[in-house]
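Undergrad: Using the sequences and the accompanying hints, generate a full structural model.
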Amino acid sequence: MNAPPSFESFLLFEGEKKIVVEQDTKVPNAAVFTVNKEDHTLGNMIRCQLLKDPNVLFAGYKQPHPLEHKFILRIQSTPAYSPQDALMNAITDLISELSLLEERFRDAVREKREGLE
Numbered sequence: 001m002n003a004p005p006s007f008e009s010f011l012l013f014e015g016e017k018k019i020v021v022e023q024d025t026k027v028p029n030a031a032v033f034t035v036n037k038e039d040h041t042l043g044n045m046i047r048c049q050l051l052k053d054p055n056v057l058f059a060g061y062k063q064p065h066p067l068e069h070k071f072i073l074r075i076q077s078t079p080a081y082s083p084q085d086a087l088m089n090a091i092t093d094l095i096s097e098l099s100l101l102e103e104r105f106r107d108a109v110r111e112k113r114e115g116l117e
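Quick note, the sequence shown lines up with residues 1 to 117 if you use this note's numbering.
Honestly, the hints are just simulated from the structure, not real lab data.
Wrong hints could be hidden among the right ones.
[To be verified] In the DSS-like style, the derived pairs of lysine-lysine whose C-alpha atoms are separated by at most 30 Å in a straight line are:
| id | residue 1 | residue 2 |
| --- | --- | --- |
| 1 | 17 | 70 |
| 2 | 52 | 26 |
| 3 | 112 | 70 |
| 4 | 62 | 112 |
| 5 | 17 | 37 |
| 6 | 37 | 70 |
| 7 | 70 | 52 |
| 8 | 17 | 52 |
| 9 | 62 | 18 |
| 10 | 52 | 62 |
| 11 | 37 | 26 |
| 12 | 18 | 37 |
| 13 | 26 | 62 |
| 14 | 62 | 17 |
| 15 | 37 | 62 |
| 16 | 26 | 70 |
| 17 | 37 | 52 |
TA: Quick look at the structure:
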C-alpha cells in the first residue's frame, strides 16, 4: 500500500522543530509560522482566535498538501504588537477557553450522573 506510516502524522523527526518562524519581507510587521505535525483543527482554532484580537490585521492559514502534516500560518499585526506576541496571546487564550469548556463539560456530566441515581 502507498500510504505513509501513521506515526508520521504526529511524531517529530529527529532535529525537526514543532514551529518554524520566518519574517515576511513582503508585508510590514508580518511573519509566517510553519507548524509541523498538526492539521486544520488547530490551524483554524488559532486563526479564529487571532482574528478576535484588534491588534491583528491579518491571520490566515493553509495546509500545503493533504499528505503533509503541517500548516502554514501567516500573521500581520499592528506596528506596536509583534506577530509572535499575537500568536502567544492567542494560544494562551485558547488554552483558557478549552480549560473552561472541559470544566463545564465535566460538571454537566457529573450533574447528569447524579440526576440518574
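Undergrad: Please go over all the hints and tell whether each is borne out by the structure.
TA: Tested hints:
no., hint, verdict
1, 17 x 70, "holds, 11 Å"
2, 52 x 26, "holds, 24 Å"
3, 112 x 70, "violated, 39 Å"
4, 62 x 112, "violated, 40 Å"
5, 17 x 37, "holds, 10 Å"
6, 37 x 70, "holds, 5 Å"
7, 70 x 52, "holds, 23 Å"
8, 17 x 52, "holds, 27 Å"
9, 62 x 18, "holds, 16 Å"
10, 52 x 62, "holds, 19 Å"
11, 37 x 26, "holds, 27 Å"
12, 18 x 37, "holds, 7 Å"
13, 26 x 62, "holds, 18 Å"
14, 62 x 17, "holds, 18 Å"
15, 37 x 62, "holds, 14 Å"
16, 26 x 70, "holds, 23 Å"
17, 37 x 52, "holds, 25 Å"
In terms of the numbered hints stated before, the structure departs from hints 3, 4, listed from lowest to highest.
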